[in-house]
Every structure is written in structure tokens, then in C-alpha cells.
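S.K.: Same order as they appear, the protein sequences are chains G and H.
The numbering used here puts the first residue of the first sequence at 66, with every later residue one more than the last.
The numbering used here puts the first residue of the second sequence at 66, with every later residue one more than the last.
Where hints are given, some of them may not hold.
Dumping the calculated BS3-like pairs for lysine-lysine here, alpha-carbon to alpha-carbon at most 30 angstroms [unchecked claim]:
no., chain 1, residue 1, chain 2, residue 2
1, G, K134, G, K340
2, G, K246, H, K69
3, H, K135, H, K72
4, G, K403, H, K69
5, H, K403, H, K322
6, G, K72, H, K134
7, G, K340, G, K92
8, G, K69, H, K72
9, H, K69, G, K135
10, H, K72, G, K135
11, G, K339, G, K266
12, H, K134, G, K69
13, G, K72, H, K135
14, H, K266, G, K69
15, H, K135, G, K69
16, H, K322, G, K69
17, G, K246, H, K134
18, G, K403, G, K246
19, G, K72, H, K266
20, H, K372, H, K322
21, H, K403, G, K69
In short, the hints are calculated from the structure, not lab data.
There are 2 protein chains.
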Amino acid sequence: MPSKVGKYTIQFQTNPAVLGFASVVGKKESEGPYGNSFDQCHNDTTLGQQSWEKAESQLQNEAVHLALKKANFQSSDIDFIFAGDLLNQCISSTFGLRSLNIPFLGQYGACSTMAQTLGIASLFVESGAAVRTAAVTSSHFCSAERQFRYPLEYGGQRTPTAQWTATAAGAVILGSRSQYKTAPVGLQAATFGRITDYGIKDVSNMGAAMAPAAANTLLDFFNDTGTNPQDYDLILTGDLGYIGSQLLDDIMKRDGKDIHTVHNDCGKMIYDRKKQDVHAGGSGCGCSAAILCSPILQQMSTGQLHKVLFIGTGALMSPTSSQQGESIPGVAHLVYLKSQP
Amino acid sequence: MPSKVGKYTIQFQTNPAVLGFASVVGKKESEGPYGNSFDQCHNDTTLGQQSWEKAESQLQNEAVHLALKKANFQSSDIDFIFAGDLLNQCISSTFGLRSLNIPFLGQYGACSTMAQTLGIASLFVESGAAVRTAAVTSSHFCSAERQFRYPLEYGGQRTPTAQWTATAAGAVILGSRSQYKTAPVGLQAATFGRITDYGIKDVSNMGAAMAPAAANTLLDFFNDTGTNPQDYDLILTGDLGYIGSQLLDDIMKRDGKDIHTVHNDCGKMIYDRKKQDVHAGGSGCGCSAAILCSPILQQMSTGQLHKVLFIGTGALMSPTSSQQGESIPGVAHLVYLKSQP
Numbered sequence: 066m067p068s069k070v071g072k073y074t075i076q077f078q079t080n081p082a083v084l085g086f087a088s089v090v091g092k093k094e095s096e097g098p099y100g101n102s103f104d105q106c107h108n109d110t111t112l113g114q115q116s117w118e119k120a121e122s123q124l125q126n127e128a129v130h131l132a133l134k135k136a137n138f139q140s141s142d143i144d145f146i147f148a149g150d151l152l153n154q155c156i157s158s159t160f161g162l163r164s165l166n167i168p169f170l171g172q173y174g175a176c177s178t179m180a181q182t183l184g185i186a187s188l189f190v191e192s193g194a195a196v197r198t199a200a201v202t203s204s205h206f207c208s209a210e211r212q213f214r215y216p217l218e219y220g221g222q223r224t225p226t227a228q229w230t231a232t233a234a235g236a237v238i239l240g241s242r243s244q245y246k247t248a249p250v251g252l253q254a255a256t257f258g259r260i261t262d263y264g265i266k267d268v269s270n271m272g273a274a275m276a277p278a279a280a281n282t283l284l285d286f287f288n289d290t291g292t293n294p295q296d297y298d299l300i301l302t303g304d305l306g307y308i309g310s311q312l313l314d315d316i317m318k319r320d321g322k323d324i325h326t327v328h329n330d331c332g333k334m335i336y337d338r339k340k341q342d343v344h345a346g347g348s349g350c351g352c353s354a355a356i357l358c359s360p361i362l363q364q365m366s367t368g369q370l371h372k373v374l375f376i377g378t379g380a381l382m383s384p385t386s387s388q389q390g391e392s393i394p395g396v397a398h399l400v401y402l403k404s405q406p
Numbered sequence: 066m067p068s069k070v071g072k073y074t075i076q077f078q079t080n081p082a083v084l085g086f087a088s089v090v091g092k093k094e095s096e097g098p099y100g101n102s103f104d105q106c107h108n109d110t111t112l113g114q115q116s117w118e119k120a121e122s123q124l125q126n127e128a129v130h131l132a133l134k135k136a137n138f139q140s141s142d143i144d145f146i147f148a149g150d151l152l153n154q155c156i157s158s159t160f161g162l163r164s165l166n167i168p169f170l171g172q173y174g175a176c177s178t179m180a181q182t183l184g185i186a187s188l189f190v191e192s193g194a195a196v197r198t199a200a201v202t203s204s205h206f207c208s209a210e211r212q213f214r215y216p217l218e219y220g221g222q223r224t225p226t227a228q229w230t231a232t233a234a235g236a237v238i239l240g241s242r243s244q245y246k247t248a249p250v251g252l253q254a255a256t257f258g259r260i261t262d263y264g265i266k267d268v269s270n271m272g273a274a275m276a277p278a279a280a281n282t283l284l285d286f287f288n289d290t291g292t293n294p295q296d297y298d299l300i301l302t303g304d305l306g307y308i309g310s311q312l313l314d315d316i317m318k319r320d321g322k323d324i325h326t327v328h329n330d331c332g333k334m335i336y337d338r339k340k341q342d343v344h345a346g347g348s349g350c351g352c353s354a355a356i357l358c359s360p361i362l363q364q365m366s367t368g369q370l371h372k373v374l375f376i377g378t379g380a381l382m383s384p385t386s387s388q389q390g391e392s393i394p395g396v397a398h399l400v401y402l403k404s405q406p
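Please build the complete structure, drawing on both the sequences and the hints.
M.R.: This is the structure in C-alpha cells:
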């Protein structure tokens with residue numbers, strides 16, 4: 066049974082098992098440093114669909130099917146699926162997953178969604194409410210650009226602090242530890258974050274808007290568990306990019322928890338900074354989902370990485386709220402993944 | 066601990082307690098049949114805010130504060146808050162609740178969101194991950210009209226099958242039964258639905274798009290629990306309106322579970338059909354939330370109602386998906402509320 070540790074952290078006693086994971090990405094992501102890690106790369110980022118939104122749905126659908134296949138399950142084996150994305154009314158998830166016939170619980174945490182879905186899906190397994198659950202998110206550069214910023218045809222110039230929404234999806238299948246004792250990777254804890262708003266209004270600088278939320282959640286976790294950054298092999302945020310990551314490191318150092326030697330960020334990892342100029346790095350639910358669901362979970366499965374804190378960071382704004390003069394509230398959710406020794 | 070009953074239903078062993086509830090509505094809702102039941106009625110539906118979106122955030126904020134106050138809690142007493150709404154990127158929830166400093170988990174189930182948040186919030190309490198949780202949703206006629214349909218200034222004519230988005234919010238505070246033994250109302254079970262799409266494309270007939278999902282979830286629950294409609298005092302859907310409710314009754318009768326003597330719908334209840342012509346009834350997350358959080362939970366608390374199935378129904382579309390020719394997928398989530406004898 067789960068128990069509360071400190072004020073904010075849920076500790077999983079049974080260590081819900083990661084049974085399968087998969088990632089699907091677009092062309093640009095396949096040309097990045099982790100191009101060979103992803104399960105499926107699409108050179109045609111329409112995925113043969115008639116709109117960018119349908120292409121994003123397809124990304125999510127393929128990620129779930131691949132994760133199921135790799136874990137040797139069918140969709141009918143999954144008790145609940147937790148999914149979300151950045152599009153209005155989460156249509157990538159609903160249209161991408163409607164054919165699966167799995168009880169569906171839509172989640173919205175902007176780019177924190179992968180950590181949110183993983184945390185809740187783990188609790189469902191841990192509590193006994195489910196034997197197997199799935200967590201999935203996606204993003205698509207072209208659907209995000211036209212919804213949040215400008216139509217691609219406009220060719221708007223991006224500022225140096227802007228991040229590049231990844232065309233990517235990632236899915237994880239989780240299972241009850243009582244049935245899957247030998248699965249190498251499991252979930253040890255989750256810390257769900259509080260909304261944090263420092264008044265940042267620049268929608269081209271999401272990293273700055275989200276870094277304080279990431280710091281809050283990380284500090285909550287360290288306080289609750291009595292641990293330190295050096296107790297972990299990797300503290301992986303997604304996606305603060307270059308600017309937000311530096312800010313997070315600075316805030317954490319100021320607060321006595323220096324993370325910079327173990328901290329990396331999915332937005333810094335997914336593209337090659339020199340060869341692929343995306344300014345402040347990658348972003349989008351799919352960015353952290355694909356990095357987690359390929360290099361990280363692969364390295365955890367083979368024992369190269371043992372203790373990983375995965376912190377999804379989300380900017381909880383909409384174009385409407387920004388046009389109405391609002392600041393950008395941030396949120397960050399943390400899950401602690403551990404591989405068996 | 067929760068356990069799975071049948072294929073789809075989660076049974077709560079501890080019967081998580083309803084500790085408080087509150088509703089906040091606009092002028093039109095205050096003039097309906099349940100106008101005297103709501104905790105707070107606003108004659109000025111701007112709530113003194115500068116935009117309809119900010120007004121909707123305010124509705125949600127007030128509903129949570131009233132529910133906390135009625136239950137004698139402060140926001141720091143709540144472990145997690147589950148919230149969602151119909152606006153792009155769920156901004157009513159994020160901006161309405163950002164000042165609360167409660168760990169925030171955004172939910173998206175369109176108009177099924179109140180049942181979804183209640184079900185997940187109950188599981189968090191039941192599992193021991195939380196002592197107290199909150200569930201809240203909202204909708205606002207004016208923010209929904211301009212986002213999903215036309216600007217109000219356009220004065221578009223509504224078809225007879227159209228439903229009227231309620232300006233309303235409802236919030237529930239849940240608590241662990243071990244600490245709150247005498248609370249009269251509790252949660253017995255939850256059945257989370259699968260996405261159901263019968264190919265309906267008429268965005269002015271949401272009731273028809275959602276009725277099959279409601280039927281699926283209800284039939285799942287009856288099959289899983291071996292119970293019948295007559296075992297309950299009330300089967301309350303929200304919000305199918307007049308047309309969707311008739312369709313649901315027809316489908317259920319065809320499938321051997323005649324519900325019409327115990328079935329009512331929040332969309333049929335919130336407005337007076339004769340005096341307030343809203344065509345096919347009310348809709349919006351806030352409609353079912355306000356009806357549940359006022360007349361229904363009041364009647365359950367005083368013993369007038371004992372066994373209630375509350376089924377939130379959502380249409381998982383966006384204006385973009387409809388403009389791209391997509392049909393309207395539906396989903397329905399059920400929670401079983403029971404008052405102590």
C-alpha cells in the first residue's frame with residue numbers, strides 16, 4: 066500500500082513494475098543524439114495523415130501499440146490508460162486512443178503530463194485497483210506551433226529563449242509487482258507539485274516560467290525523504306531546456322541542494338545543440354516522454370542507471386490567458402524510478 | 066484497499082467520506098428549479114472579473130473555498146486537488162486554483178470531469194496516499210460559447226438539439242473513513258469508461274454523441290456488480306439533456322436494464338423547461354457539478370436519498386477536430402455514492 070512520506074511524497078511499498086515502454090518520433094528527433102534509441106522514427110512527419118493533429122494522434126497510437134507489443138500484451142490486458150497532450154481538449158489522446166477500448170482517464174499537466182500519468186498509473190497498480198495500466202503522452206511541432214504560436218506558413222522568427230516542440234510520443238506499461246516480480250525497473254515514489262507562479266509573462270521563455278515549480282517539487286521530495294541530490298544517478302527534468310535548467314541549478318544551489326553534477330534535461334538531450342539549432346532546447350509532452358521511454362528506461366533496464374528522479378515540468382497557460390495579460394503558472398510532478406540491483 | 070469487481074469496476078472497501086461540498090452558479094441557474102439549493106448565486110456573471118475566462122476561474126475558486134469552509138478546513142489540510150474544465154489547457158482550473166498551494170492534478174474528461182475527479186480523488190483517499198482530497202469542476206456559458214461555438218455578439222441561432230452550457234462550479238472534499246467515521250455520505254465504487262464513438266458529427270447534438278458511452282459504462286457497472294437499476298434510488302447522468310437522456314433510456318431498455326423510473330439528468334434538472342427555454346437542456350462540467358454538490362448531496366446528507374449512481378458524460382471533441390471532419394467520441398465515468406442508513 067502507498068503511504069505518505071513527509072507532506073507531499075507518496076511512497077510505493079510494492080514498487081510497481083515497468084513492463085514495457087516505447088517511443089515514436091519525427092525526422093528532426095531521429096537526427097538528434099538519441100536517434101538510434103527510439104523505437105520508431107518517421108521521416109514523413111505527417112505520418113500519412115491529413116492534418117498535423119491527426120498525425121499527433123497517430124504518434125500516440127503507435128507508441129501505445131509498440132509498448133504493448135514489446136511487453137507482449139494486447140490492449141485488453143490493460144485496466145486503465147492515463148493520457149494527455151498539449152492540444153485543446155487533449156484531442157491527440159482521445160482520437161489516438163479511442164480504438165483501444167481501454168478505460169480512459171484524460172490528464173492535463175502541459176509538459177509535466179508524462180510524470181503525472183506515470184505517477185497516477187503507478188498508484189492505481191500499487192493500490193490494487195489495477196493489475197496493468199498504461200501512461201502515454203505526445204506532442205507535435207506543427208500542431209503545437211499553429212495552436213500556441215503562429216501558423217507555420219507565417220514563418221515567425223523565434224527568440225533565443227524559445228524552445229522547439231518535439232514531434233514525439235512515449236508510452237509506458239506498468240504492472241503489479243505481485244505478478245511481475247522480476248521486471249528490472251519499478252516506481253518507488255511520486256511527488257505531485259503545487260502550482261507555482263513567479264509572474265513570468267514571456268511565452269517564449271517557458272523554461273524560466275517552469276524552473277521555480279521544478280525547484281519546489283524537488284525540494285519537497287528531498288525534504289520529505291531526507292535524501293540529497295547525490296543519492297541519485299540522474300535527476301532528469303523535462304523540459305526546461307538550456308535556460309530553465311540553468312535557473313533550476315541556480316535555485317537549487319541557493320537552497321543548499323546542488324544538483325548540477327547529476328542533473329540533465331530532456332530538452333537539452335533530444336537535439337544536437339551545434340548541428341540542430343533549436344535555440345533554448347526541446348519541449349513538449351512528447352520530448353520528455355520519448356527521452357524517458359528510450360535512452361533512460363533502456364539504460365535502467367540494462368543496469369547502467371539505477372536511481373532516477375524524473376520531473377515533468379508544465380506551463381499551465383493558454384494563448385487566451387496570455388492574451389489577457391496573465392502570467393504563466395508552472396507545475397512539476399516527480400516520479401522516482403529505481404532498477405533492481 | 067480498493068479491489069476490482071468484474072472487468073471495469075473499482076470497489077472501495079473503506080467508503081471514502083464526503084466531508085464537504087459546495088456550488089456556485091450564475092443568474093440563469095439561480096432562477097432555475099434548484100436556485101435555492103446552491104451555496105452562492107451571482108447575479109453578475111462576470112463575477113467582477115475582466116473576462117469570461119477569469120470569471121470562470123473565480124467560480125471554481127469560490128466553490129473550493131466554500132466547500133472547505135463548510136467542512137471547517139483550510140486549503141493546507143488538503144493533500145491533493147483534482148480539477149478540470151472545458152477551456153483550452155484547462156485554464157479555469159489552473160488560474161482558479163493556483164493560489165491554493167495544494168498539489169494539483171489536472172483532469173480532462175470534458176463534461177464527465179466531475180465524476181472522473183471524484184473517482185480518482187476517492188482512490189487516493191482509499192489507498193492511503195491521502196487523508197483529504199478535493200474534486201472540482203466548472204463551466205461558464207460565455208467562455209464556452211466563444212471558444213466552442215460563436216462569439217456572443219454574433220447572436221448565432223441555436224438548434225433544438227443544442228444544450229446550454231451552465232455557468233456553475235461544484236467542489237467536493239473527501240476524507241479517509243478511518244478519520245471521519247460518521248460522515249453520512251461515502252463513495253462505494255467507481256467505473257471509469259472506455260471511449261465510445263458511434264460516428265455522430267453534429268456538434269449541436271452532444272446528447273446523442275454521449276448517450277452510447279453512458280450506456281456502456283452503466284452496463285459495465287451492472288454487469289460487474291450483479292445489480293440492477295432498481296437497486297438504486299437515483300441514476301443521475303450529467304449532462305445528456307432531454308435528447309441524450311431519452312436515447313440512454315432507450316438503449317438501456319433494449320439491453321434489458323430499464324432505468325427510466327430511476328433516471329434523471331443534471332441537464333434536465335438545472336433549468337425550468339417551460340420558463341427558461343434552453344432547448345435540449347443544460348450542459349458543461351459545472352452543470353453536473355453544481356447539481357451534485359447541492360440538491361443531491363444535500364438530500365443524501367439528510368437521508369432523503371441513499372444510493373445514487375452519478376455518471377458524468379463527456380464529448381471528447383474540439384472545434385479543430387470537428388472542423389477536420391471527425392466524429393465526436395464520448396466517454397462516461399460512474400461513481401456510486403451511498404449514504405449511511
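S.K.: Next, verify each hint and record whether it holds.
M.R.: Results of checking the hints against the structure:
The straight-line distance between the Cα atoms of K134(G) and K340(G) is roughly 34 angstroms, outside the 30 angstroms bound, and the hint therefore fails. Between K246(G) and K69(H) the CA atoms are separated by roughly 21 angstroms; this keeps the pair inside 30 angstroms, and the hint holds. A hinted pair counts as satisfied when its Cα atoms are at most 30 angstroms apart, and K135(H) with K72(H) does not qualify at roughly 37 angstroms. At most 30 angstroms may separate the alpha-carbon atoms for a hinted pair to count; K403(G) and K69(H) meet this at roughly 27 angstroms.
Straight-line distance between C-alpha atoms of K403(H) and K322(H) comes to about 21 angstroms, which keeps the hinted pair within the 30 angstroms bound. Under the criterion of a C-alpha separation no larger than 30 angstroms, the hint pairing K72(G) with K134(H) is consistent with the structure, at around 22 angstroms. Using a Cα cut-off of 30 angstroms, the hinted pair K340(G) and K92(G) holds, with the two alpha carbons roughly 14 angstroms apart. Of the supplied pair hints, the one linking K69(G) and K72(H) holds, its CA atoms being roughly 29 angstroms apart against a limit of 30 angstroms.
Restraint check: the Cα-Cα separation between K69(H) and K135(G) comes to about 26 angstroms, which is no more than 30 angstroms; the hinted pair holds. For the hint linking K72(H) to K135(G), the alpha-carbon distance of about 24 angstroms falls within 30 angstroms, and the restraint holds. Our distance criterion of 30 angstroms between C-alpha atoms is met by K339(G) and K266(G), whose separation comes to about 29 angstroms. Proposed proximity of K134(H) and K69(G) is supported: the alpha carbons are some 25 angstroms apart, at most 30 angstroms.
With a CA separation close to 24 angstroms, the supplied pair K72(G) and K135(H) stays within the 30 angstroms bound. Note on K266(H) and K69(G): the hinted pairing is violated, with a Cα-Cα distance of about 46 angstroms set against a maximum of 30 angstroms. A hinted pair counts as satisfied when its Cα atoms are at most 30 angstroms apart, and K135(H) with K69(G) qualifies at roughly 26 angstroms. Of the supplied pair hints, the one linking K322(H) and K69(G) is violated, its CA atoms being roughly 42 angstroms apart against a limit of 30 angstroms.
With a C-alpha separation of about 46 angstroms, the suggested pair K246(G) and K134(H) falls outside the 30 angstroms cut-off, and the hint is violated. At roughly 14 angstroms between alpha-carbon atoms, K403(G) and K246(G) fall within 30 angstroms of each other, so this suggested pair holds. Between K72(G) and K266(H) the CA atoms are separated by roughly 47 angstroms; this puts the pair beyond 30 angstroms, and the hint is violated. Our distance criterion of 30 angstroms between C-alpha atoms is met by K372(H) and K322(H), whose separation comes to about 17 angstroms.
Between K403(H) and K69(G) the alpha-carbon distance is near 27 angstroms, which keeps this suggested pair within the 30 angstroms criterion.
This entry does not satisfy hints 1, 3, 14, 16, 17, 19, going by the numbered hints stated previously.
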